[in-house]
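Based on these hints, arrange chain B on the given structure of chain A.
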Amino acid sequence: MMREHRSLIVWPSLIAAGLLAAACTDQPKVNMAPNNPSYWLVPPPAQCPTGKWTGGGRIDPPSNPDTPDEAVHPEYFAVVLPSMTGKFTFGFNVFLGQDADGNCIVNKGEIEVNGHAQKIAWHVSIHNGVDAYDGRPVHATVFSDAHPGGFCLVVGIPDDYMTARENGKGSTEPFELAQFEVCDNDRGQPQKGKPGPDAMRWRSEHHGDTHLVYLTGGNVVEHGS
Amino acid sequence: MNGNSMHWVNRLAAFGLVVGLVAGLAAAGSAQSVGGQAYATYVNTPLGYSGQSPVAVLPAVSGTDGAMADAEGSALNVAGALSSDFLNSITSGEIGTAETGAQSTASAASVNILNGLITADEVVANVVSSASQGGAFSNADGSTFTNLAIAGVGSLAGDQPVAPNTNISLPGVGYVVLNEQIPSGDGVSSSGLTVNMIHVYLQSVIGGVCTPLGCLPGTVTKTGEIIVGSASSTVAM
Numbered sequence: 001m002m003r004e005h006r007s008l009i010v011w012p013s014l015i016a017a018g019l020l021a022a023a024c025t026d027q028p029k030v031n032m033a034p035n036n037p038s039y040w041l042v043p044p045p046a047q048c049p050t051g052k053w054t055g056g057g058r059i060d061p062p063s064n065p066d067t068p069d070e071a072v073h074p075e076y077f078a079v080v081l082p083s084m085t086g087k088f089t090f091g092f093n094v095f096l097g098q099d100a101d102g103n104c105i106v107n108k109g110e111i112e113v114n115g116h117a118q119k120i121a122w123h124v125s126i127h128n129g130v131d132a133y134d135g136r137p138v139h140a141t142v143f144s145d146a147h148p149g150g151f152c153l154v155v156g157i158p159d160d161y162m163t164a165r166e167n168g169k170g171s172t173e174p175f176e177l178a179q180f181e182v183c184d185n186d187r188g189q190p191q192k193g194k195p196g197p198d199a200m201r202w203r204s205e206h207h208g209d210t211h212l213v214y215l216t217g218g219n220v221v222e223h224g225s
Numbered sequence: 226m227n228g229n230s231m232h233w234v235n236r237l238a239a240f241g242l243v244v245g246l247v248a249g250l251a252a253a254g255s256a257q258s259v260g261g262q263a264y265a266t267y268v269n270t271p272l273g274y275s276g277q278s279p280v281a282v283l284p285a286v287s288g289t290d291g292a293m294a295d296a297e298g299s300a301l302n303v304a305g306a307l308s309s310d311f312l313n314s315i316t317s318g319e320i321g322t323a324e325t326g327a328q329s330t331a332s333a334a335s336v337n338i339l340n341g342l343i344t345a346d347e348v349v350a351n352v353v354s355s356a357s358q359g360g361a362f363s364n365a366d367g368s369t370f371t372n373l374a375i376a377g378v379g380s381l382a383g384d385q386p387v388a389p390n391t392n393i394s395l396p397g398v399g400y401v402v403l404n405e406q407i408p409s410g411d412g413v414s415s416s417g418l419t420v421n422m423i424h425v426y427l428q429s430v431i432g433g434v435c436t437p438l439g440c441l442p443g444t445v446t447k448t449g450e451i452i453v454g455s456a457s458s459t460v461a462m
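Sequence lines, in order, name chains A and B.
Note that the working numbering gives residue 53 to position 53 of the first sequence, counting from 1, and the numbers run on in steps of one.
Every number in the working numbering is 225 more than the matching position in the second sequence, counting from 1.
Bound-form chain A, shown alone:
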């Protein structure tokens, strides 16, 4: 009887310990679904695993283009913009979530991009699920790319984009629509390549598109949910 009583205590404890261990392991919850078909003429439905993305560094378009990954969703960037070239440095921190309708949104985030040839410093600030500069939600999506195990994050999806503040001598307006994309192509591994394999893309309504370019230095990390 005593042994049966103890087993009644031990088994729930074991289950609780297992649940605790699983909860603390913090596995990234990325969507492993195959890429969406390439014949879409409109943006594919957003996939939105909860996720945290952080990183920064430098790109030098047009050098080191990440053509394979840009080709994964060529139709996704519906608006054709002139190319931007030169040095770009950046840093970001984006936490994803979902709204009541299941749409993928940015719960909080900061993105800074400096175009050195353009002498423009763009900044995006998102708090409590809305863009600090226009008060609207910022939508995002995550999808697997052409690198094995690699994933890309797009912040400010077409038809909605997001609003970035412009500073610097080259600034032509205080705010403009923008879109940010990064790819973590070495998930779980330190980036030691020169350049890449991680990549970044910045699109600005009035200044152009860097296209997806491997990092000259820095890192992009998807670091869990």
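Hint data in this document are derived by calculation from the structure and do not stem from the laboratory.
Each statement offered as a hint is correct.
Computed footprint of chain A on chain B, listed as stretches where at least three residues anywhere in the stretch have a Cβ under 8 angstroms from a Cβ of chain A:
#1 297-311
#2 321-329
#3 344-351
Some, not all, of what chain B presents toward chain A, calculated at C-beta under 10 angstroms:
#4 Ala263
#5 Ala281
#6 Thr289
#7 Asp290
#8 Gly291
#9 Ala294
#10 Ile315
#11 Thr316
#12 Ser317
#13 Ala334
#14 Asn364
#15 Ala365
#16 Asp366
#17 Gly367
#18 Ser368
#19 Thr369
The beta-carbon is built from N, C-alpha and C at its ideal position, and this holds for glycine as well.
Below, chain B without anything else, positioned relative to chain A:
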């Protein structure tokens, strides 16, 4: 079920409980840390003073979290010592289950140090530190000078890196270290790197006497310093 088998079941359950708790605590209790800082300019000379500016410091990061900080400056002018514009500093860091790291970048354009002694169209400092199961490392990939010129020494055309810790004498002024790199950590569980793209050390000679029998050297003392493009990152797990 007899008493013996119940006894073993309970032992197995107790073992599982311990294993589960240890695994859970190990995952929850790991003390990973990241740090980062960046600033575009620092001037501390007899000609004038300007603190680290604009400076970005990485906020504290814990759990599986991440953070970013940035700062911008339109122009800086410390007469006779340093002028520059389009000053930007960014730092970010993250802690993850598979990879932990920090990255910082600082840049300054239209750099003019000591009335044209050193000029550059742009200076970019870029560092990254990362740690995973494979170890910890840091590098300064992406740190370059654009059209760097040092009067009486030479110039570099275009956007180019310079070998780490390149030391160049500046007669009558002191010396400059280009791409000054200061590493830290053991490379296994920790790593860090500070890069100062231009670090001018101002010096003067105090004392020293010459007689018909010869000269006694004076004492070289540091009288100031100028830093342009400084980025730091650290990681420990």
